[in-house]
Each structure stands twice: as structure tokens, then as C-alpha cells.
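Could you build all of it, start to finish, from the sequences and the hints given here?
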Amino acid sequence: MPTNEPTVVQTIGLTKIFKDFWHRDRVVAVDKLDLNIHRNQVFGLLGPNGSGKTTTIKMLLGLLYPTRGRINVLGRAPTDVAIKSRIGYLPEESYLYRFLDARETLDYYARLFQIPRQDRRRRVEQLLEMVGLTREARRRVGEYSKGMARRIGLAQALINDPDLLILDEPTTGLDPVGTKEIKDLINFLNRQKQKTILLCSHLLADVEDVCQQVTVLYGGRQQAVGNIRELLSQKNLTQITTERLSDAAIDRICKLVAEEESKRVVSVSTPSDKLETFFLRIVKRAQEARQQTSGVTAGGRIAEFLATDASQQRPEAVVDSLIAAAESVKTTTEEPESTIPPEEPAKDVIDELLTTTQTTDSDESADMDQAASEAVTDQPDQGDREFIDRLIKGSDKENDDDKE
Amino acid sequence: MSRIWAVARHMIAEGIRMKIALVFIGIIVIILPVMPFAVAGDGVTITSRVQSFLAYSLGSVSFLLSLLTVFLSCGSLSNEIQMKQILMIVSKPIPRWHFFAGKWLGIVVLNAVLLLFTGVTVWGFTYYLKGMPTSVADDRETLEYEVLSVRHGVKPQEPDFESIVEEKIRRLKEEDRLSDMAYSSMKDIHQRLREDLKIQWRTFVPGEYTGFIFNNLMVDREKEDYIHLRFKPISPSGVDDVMFRARWMCGDPQYPNTMTDQNVGEFVCERFHRIVIPTHAVNPKGKIFFGKQNIDTKETITFEGDESFELFFPIGSFHWNLFRALTIIWCRLAFLAVMGLLASSFLSFPVACLACMLVLLVASFSGFFSQAIEYANIAPSGEDPLWIVGPLLRPLGAVFVWVVPDFSKFDPIGNVISGRVVPLMWVIQSVLILIFIKGMILGILGCVILTKRELAQVVV
Numbered sequence: 001m002p003t004n005e006p007t008v009v010q011t012i013g014l015t016k017i018f019k020d021f022w023h024r025d026r027v028v029a030v031d032k033l034d035l036n037i038h039r040n041q042v043f044g045l046l047g048p049n050g051s052g053k054t055t056t057i058k059m060l061l062g063l064l065y066p067t068r069g070r071i072n073v074l075g076r077a078p079t080d081v082a083i084k085s086r087i088g089y090l091p092e093e094s095y096l097y098r099f100l101d102a103r104e105t106l107d108y109y110a111r112l113f114q115i116p117r118q119d120r121r122r123r124v125e126q127l128l129e130m131v132g133l134t135r136e137a138r139r140r141v142g143e144y145s146k147g148m149a150r151r152i153g154l155a156q157a158l159i160n161d162p163d164l165l166i167l168d169e170p171t172t173g174l175d176p177v178g179t180k181e182i183k184d185l186i187n188f189l190n191r192q193k194q195k196t197i198l199l200c201s202h203l204l205a206d207v208e209d210v211c212q213q214v215t216v217l218y219g220g221r222q223q224a225v226g227n228i229r230e231l232l233s234q235k236n237l238t239q240i241t242t243e244r245l246s247d248a249a250i251d252r253i254c255k256l257v258a259e260e261e262s263k264r265v266v267s268v269s270t271p272s273d274k275l276e277t278f279f280l281r282i283v284k285r286a287q288e289a290r291q292q293t294s295g296v297t298a299g300g301r302i303a304e305f306l307a308t309d310a311s312q313q314r315p316e317a318v319v320d321s322l323i324a325a326a327e328s329v330k331t332t333t334e335e336p337e338s339t340i341p342p343e344e345p346a347k348d349v350i351d352e353l354l355t356t357t358q359t360t361d362s363d364e365s366a367d368m369d370q371a372a373s374e375a376v377t378d379q380p381d382q383g384d385r386e387f388i389d390r391l392i393k394g395s396d397k398e399n400d401d402d403k404e
Numbered sequence: 001m002s003r004i005w006a007v008a009r010h011m012i013a014e015g016i017r018m019k020i021a022l023v024f025i026g027i028i029v030i031i032l033p034v035m036p037f038a039v040a041g042d043g044v045t046i047t048s049r050v051q052s053f054l055a056y057s058l059g060s061v062s063f064l065l066s067l068l069t070v071f072l073s074c075g076s077l078s079n080e081i082q083m084k085q086i087l088m089i090v091s092k093p094i095p096r097w098h099f100f101a102g103k104w105l106g107i108v109v110l111n112a113v114l115l116l117f118t119g120v121t122v123w124g125f126t127y128y129l130k131g132m133p134t135s136v137a138d139d140r141e142t143l144e145y146e147v148l149s150v151r152h153g154v155k156p157q158e159p160d161f162e163s164i165v166e167e168k169i170r171r172l173k174e175e176d177r178l179s180d181m182a183y184s185s186m187k188d189i190h191q192r193l194r195e196d197l198k199i200q201w202r203t204f205v206p207g208e209y210t211g212f213i214f215n216n217l218m219v220d221r222e223k224e225d226y227i228h229l230r231f232k233p234i235s236p237s238g239v240d241d242v243m244f245r246a247r248w249m250c251g252d253p254q255y256p257n258t259m260t261d262q263n264v265g266e267f268v269c270e271r272f273h274r275i276v277i278p279t280h281a282v283n284p285k286g287k288i289f290f291g292k293q294n295i296d297t298k299e300t301i302t303f304e305g306d307e308s309f310e311l312f313f314p315i316g317s318f319h320w321n322l323f324r325a326l327t328i329i330w331c332r333l334a335f336l337a338v339m340g341l342l343a344s345s346f347l348s349f350p351v352a353c354l355a356c357m358l359v360l361l362v363a364s365f366s367g368f369f370s371q372a373i374e375y376a377n378i379a380p381s382g383e384d385p386l387w388i389v390g391p392l393l394r395p396l397g398a399v400f401v402w403v404v405p406d407f408s409k410f411d412p413i414g415n416v417i418s419g420r421v422v423p424l425m426w427v428i429q430s431v432l433i434l435i436f437i438k439g440m441i442l443g444i445l446g447c448v449i450l451t452k453r454e455l456a457q458v459v460v
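If you're matching them up, the sequences are chains A and B in order.
For the record, in the first sequence the residue sitting at position 257 is 257 according to the numbering used here, with numbers rising by one throughout.
For the record, in the second sequence the residue sitting at position 313 is 313 according to the numbering used here, with numbers rising by one throughout.
No lab work stands behind these hints: they were computed from the structure.
Incorrect hints may appear among the rest.
[Said to hold, decoys possible] The following residues of chain A were derived to be distant from chain B, with all beta-carbon distances above 10 Å: (1) V81; (2) S85; (3) E93; (4) L96; (5) E104; (6) Q114; (7) Q156; (8) F188; (9) G226; (10) I240; (11) A249; (12) S262; (13) S267; (14) R281; (15) Q292; (16) T297.
[To be verified] Derived SDA-like pairs: lysine to any residue, alpha-carbon spacing no greater than 20 Å straight-line: (17) B:K452 / A:R98; (18) B:K452 / A:D20; (19) B:K84 / A:R98.
By construction, the Cβ of each residue, glycine as well, lies at the ideal position given by its N, Cα and C atoms.
If you want it as C-alpha cells, here you go:
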């Protein structure tokens, strides 16, 4: 995706070689890496374990120094302390102080950003609420489960309302609710707040849901780079999703496809509810019933200080999403990017999800999850569109026939 | 500055909440109130009881806080590096030297609070013990004079021994008897002759009269008050409890109003005695002339060591003295804290701890080490093939001993116990040397290491 936005992170020929005690080269962790991350981009750094993702991130933050190559972060060298006030960083594990409670932890990090007292308190409370830990805020962080510590880690990364957010494996250790919240948050920060996000993960589903641009690393080398939609699109397939059809109708559609296009139908299936959707519904119900828990409670509402600008943009965003939804209904094909409603995620999205799955509403444009999981089709070209229109007419007729 | 303070606050919280520090704090908090009831001194006088209490309580607190400082400073930074919590800190807009300084500030503030607590407790119990019943006459007065009224001690001005020594050596050379002296170097001969003269000067054969001059007496001579000459005579014969008679008088002949009466007294050897001198005996220039004559017919007496013949005048109060002493102890702890942080900026906790313990040891016995290093320079004897090691190690050792201060020079506890003033100059000197010079050098070194280090690099 070509962009005119300025570069936020740039590396040229970045190389990191770890040496042993005798200064002999031991491991080439990153090898001649060229990265270009532009403003307002969600950039995914992919790769298996030990492929150099975390090493790259640590070099971007000045925690490791490159053996060769140049790094430019927000226009400066990564060792420049001043740029760090615009960066939020969530490390691969939340390295927290066991003897502090959640509130003290966030307060400490906020003090390092020199956030004024009133503002600091407000942000800490809002972030605690966002990550669902308000009720556990008095417990020592050492007692927290991994996922809860992860949530505090995320909260501290956002405390300075950063322009560049660097997330290293943000969803490890998180439950599906937390994973979803993080994904929604990333989408929100990117779309509504024009933040740049560098996401590093080997959980491909997560990356696929949020990233626009990805780089795949293996053995410290860049194996592939580009726009995620372009990389993933299967240009030779078309997917159609309808309400439940009878077997006879399906047969006729198959025939029609063969006659009109001389092509065969690859698969016909009834999609089942995803486990994630099911899980989210159960948890949501328990939270509504206010069941006791020593873990996280319902969070997900974006902290106010992060969302302030967004509230002004919201009406337009809703109109946009409505238009997009209307268009997708017309064509009954899915366009994942436009179908994700760019409004405040989490709760609202979960609500929508539940209504969709419970009532089997035909409004697929709202069903973001399904859209994301099944969105392997690219936008159909004009020829496809006409064909699909005819197909819909055909199947409607068939349905009517059945009723008669 | 607010970032440094944020780190310092965090360090204090760590100090209080982590068990390792809490144990020390607990011991200090428990040990202090118990001590006044546990110490007995000589079992008779409250003076000795108070002195034992001061010695034990200040000594143990100073020792425990030294250990606490070493553990805390080494533990905190090295653990943060090992547990990678530091990655979350240095990715925030805080220069690494701020982080280092913040850690140090936290430790010294914690130490200051604990020392303040110690000070208040020790002060309170000292006065509590003073009120205890005693069967010894003058006990309370002695306590008041010996411990609670803080005095400045002045030693008599020494005659010009140097020229006499030079003269003696010249004569020995002329007579070619220098080789008879069984000493290896000129320096030793010099020193020996000087010592001999000093003993001679302090020794009174029967009938001998010597005049002493004490300088820099900051006394208001208009005020009706007294200063004290404190002395402990000994008999060269080695016999205990030898009695002798002496005559003394004070005054500057140039200022007739400074002259005192002649006094005669009988004294026992091996004991401290006190002669009371009125303040008007001090001349306007702050000098006092003191003449003493041994009027005994057969006993020779002498004074051994610098503290056996001193003139004291009151200069301050006990609590200020205690405060100054604690300030010097605090400076020592501040130095140890920098040392610990420096060590842990590149070493793991156990290694850093060991290194700091070594430094603490060297600092406590610095005099011994500097002497050892001096001797390491001795020329080859020809027989020992390893002689070269000495001169090679010498510069290294010299730098080490220079950087590590001699803690015995910064030990004010003895002064508090004996009621001697802890001079303000000493306090200033401690702050300057321990914090602003040596502490600063180590601190800068630590900051440079921390800044240059790749903190995310895994070191095994």
C-alpha cells in the first residue's frame, strides 16, 4: 500500500550479531533488515521463534545496539531519550515489580513521563478500567496471573498516549476477551487516532485481523514484505455467503456456475459458530450477572484520555460504516476492510456479535468476526458482480418455488 | 529532577517492602530499644553504662546499615537488569544516569530516615539512663562532664623536634656512628630519634619542670567558667598505683591578669585525672601557658599517647554532636551505596555483593592495606623469583586504596562516647571526600557503564 505519510520508523541494512565472551561472532540475529513504517500504519513483524523480531524491536528502542546499519525512529536515533516520550512499548513479557500494586505500577511509569499529578491520576484510573483491573488494583502485581500482568503491561504502554506503539507479542497469555480487546484497541488507535503501531507476533490470526503491512522474518532475514491484503488474496477464488439454502438450490447453483462460467464449485459448507464467538458470549453473560471473580472484570472501554479526539470524529465514522454496510448488503459479498465498523470497539462490537449469532441476522456487514475469518475473497471485479446478481435472483426464485 | 525523585521513591518502597531490607530495618528497630536494658558497662556507674550503650548501639546500627546498603544497592539494580524490569524503564524518556542517581538518592534517603530514627532513640535512651539511680558519688556529674557536655580537646604544642633531630643526625654522621643504628633507612632513624625526643619531653624526672603551650582555645575568657586538663600519668617502672606529687600553675607572663595561683596535688598513676583551670588564664590570643613540675623526690612519671595529656573546653551539646556523628556515618553509607550501584551496573547480585564486601573490608582496614602496598615496592632481594609481582601490583593497589576511603578516618563514634566534639570541618570533609569526590567518581563511572551497556543483552 503506497502511502504519502511520513516515515516513523526506518532501518537501513540493520544487522545484529551477538558475540560470545571472546568476541567471536556467535549468532546473526538480524541480517540486513530494511524496514519502512509510515505514520498511521499498523505494521506486523512476523516470524517463527528466534527469527529476530524481538531483537529488531529492542534495537529500535535502544536496548540493543546494532552491529551494522542505521536506525531512525521518529526522526532521531533510538538512543535519543527525547523520542521515548512519544513511544509506548509493551515487551514480550510484562516485566513488572512484584512488590507494587497495579495502581502504583502505573503511577510510577506515569511519573517517568513527567505527567502532571491530576492528569496522572486520571489516566491511571481510566487505564485500569480499560484493562478491567480496577477491582484488583490494590493487589500486588506479583500475585497476578500472566494475563493480568499482560494487561498492566498494555496499560503502561499507553499511559503517555504514544504516537508510536510497539507491541511485542501483545496477546500471549491473554484470554480471548483480552485478545479481542487488544485487537479492537489497535484498530481504534490506528483508525481514529492515526497512531502508528508496530506489532510483533507469531500468532498469525491476530496479525491478519489488524495489520495493513507485514514483514516476515526468518533467520534474521526479511523473507517477504508488503500489504497484507495483497499478500493473502486468492485471486482465483470467489466466495458467496447467503442465508441457509436447500440442497436442491445448491445443486442448481452448481449447475449454473458450470453453465455460465464453465467453472466448478470448490466447496459448499455451513459455517459453525467460532469457539471465540461462543466463549465471548459466555463470559459476557457472566459479567452481566456480576459473578464474583478475582481475575479481570469487564473492561475494554477505551480510556477517555486516549479517546478524546475520537469522540468528535465519531458521527462521520458511523455514517461511513453505514454506507459501507449498505454497499456490502447490495453485493452480498464481503469486503473485510470496509465492513469493520470503525467506531469504539469492544463492548459495542461484542454486543453486535452476540445479536448476530443469536438471531442469525442476515446483516453480515456487522458481523466483523465472520467477515475477518472468511474474508479470503478479494473485491470481485465488474464481471463477477453481474454474475452474482443473476445468481441471487436465481436462488430467490428457487426459494419461492420451494415455498409453493 | 522529578524523574530522579520518582526512581528514588520507588527505591524506598522497594527497600521497605522487599524482605532483605525489611530484616535489617526490623533488627535495628528491635535492637535499639532493647540495648539500654541489656548493657551494664562496668556494672556500677551509669557513666560507663551510657558509654557502653552509645558504643554498642551506634556501632551495631552503623554496621547493620552498611550491610543493608550493600545488599540494597547491589540487589536492586542487578535484579532489575536480570529480571529485565529495567527494559520498561529505559524505554521511557528517562536518561539512564537519572535512573542511577534516583536509585542512589532512594538508598541515601532511606539511610537518612533510619539514622534519624537511630539518633532520636539513642538520644532519648541516653537521657533515660542518666536519670537512673546510682550509688556512686559524682557519677551523674562525671557523665555530664565526660559524655554529655561536648568538649574540644587541645594537645600541647610540640617543640621544634625537627631541627634537634637534624642536628643529632649531623653529629652522628660526623662521628661516623650512623651505621651503629640498627635501622634500615634514614627515614627510620629519623622517626626513631623523633620518638625518643617526644618521650623525653613528656617525661618528668623528680624535680623536673616543663612548660606547655596550648593554642587555639575558643573560650570566652570574660565569662566565669572553667576548662579542664585531663591527663593519665604512668610510671615507667611499670608499677601500678604509684602516687606522686606535682605542682602546676597557668598564665601568660605578658598578661598579668592571666596568672593563676600555684597548686599542689597528689596523683595516682594509670588513672585519668582532671585539673580545673579558670577561663581567665587563657590569654586574649587564645593561648594558655601551663607549667608543671614533678615535686616528688623519687618517682619519675610520663605520659603515653596523644590522649594522655589534653586540655578540654566545652564547645557544644550532646545532641548536635550526635547529629554530626550520624552525618559522617551517613556519608560512609552514601559512598557504599554508590559503590554497590557501580558494582551492580555490570555484575550480578552475588558478585557485586562480594565486591562491595571486599571494598568495605579494605575501607575498614585501609591503613593496613596502604602500608602493605608501600612495602610491595621493596627492591628485589635476589632470592625470590616472584619479587616482580610486588612492584607490578603496587600502582593497581595504590589506585584502589586511593579510591576506597579509609573508613577509620571517618569513624566518629569514639568521639561521641568520650564526649569529644565532632568538628564541623570533619563533617564537611566527609561530605566532600566521600560524596563529592570519591562518590562522584564512582557514580560517573557507574552511569557511563549503564549508559554504554546493551541492557537487553543476555549475559550468562
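Evaluation of the provided hints:
1. V81: Its Cβ does come within 10 Å of chain B, the nearest being 5 Å, so this is violated.
2. S85: violated (4 Å)
3. E93: A:E93 not clear of chain B: closest Cβ-Cβ about 8 Å, inside 10 Å.
4. L96: Given a closest Cβ separation of 7 Å, the condition is violated.
5. E104: violated (7 Å)
6. Q114: violated (6 Å)
7. Q156: Given that some Cβ of chain B is not farther than 10 Å from that of A:Q156, nearest at about 7 Å, it is violated.
8. F188: Label holds. Min Cβ-Cβ 23 Å, cutoff 10 Å.
9. G226: Non-interface label on A:G226 holds, nearest chain B Cβ at 29 Å vs cutoff 10 Å.
10. I240: The assertion about A:I240 holds, with a minimum of 48 Å to chain B.
11. A249: Non-interface label on A:A249 holds, nearest chain B Cβ at 58 Å vs cutoff 10 Å.
12. S262: Holds: least Cβ distance 59 Å, greater than 10 Å.
13. S267: holds (47 Å)
14. R281: Per Cβ check, A:R281 is outside 10 Å of chain B; nearest 35 Å; holds.
15. Q292: holds (28 Å)
16. T297: Since the minimum Cβ distance to chain B is about 25 Å, A:T297 lies beyond 10 Å and the statement holds.
17. B:K452 / A:R98: violated (27 Å)
18. B:K452 / A:D20: The given pair, whose Cα atoms are some 18 Å apart, holds under the 20 Å limit.
19. B:K84 / A:R98: Status holds; Cα separation ~13 Å.
Hint check: violations occur at hints 1, 2, 3, 4, 5, 6, 7 and 17; the rest are consistent with the structure.
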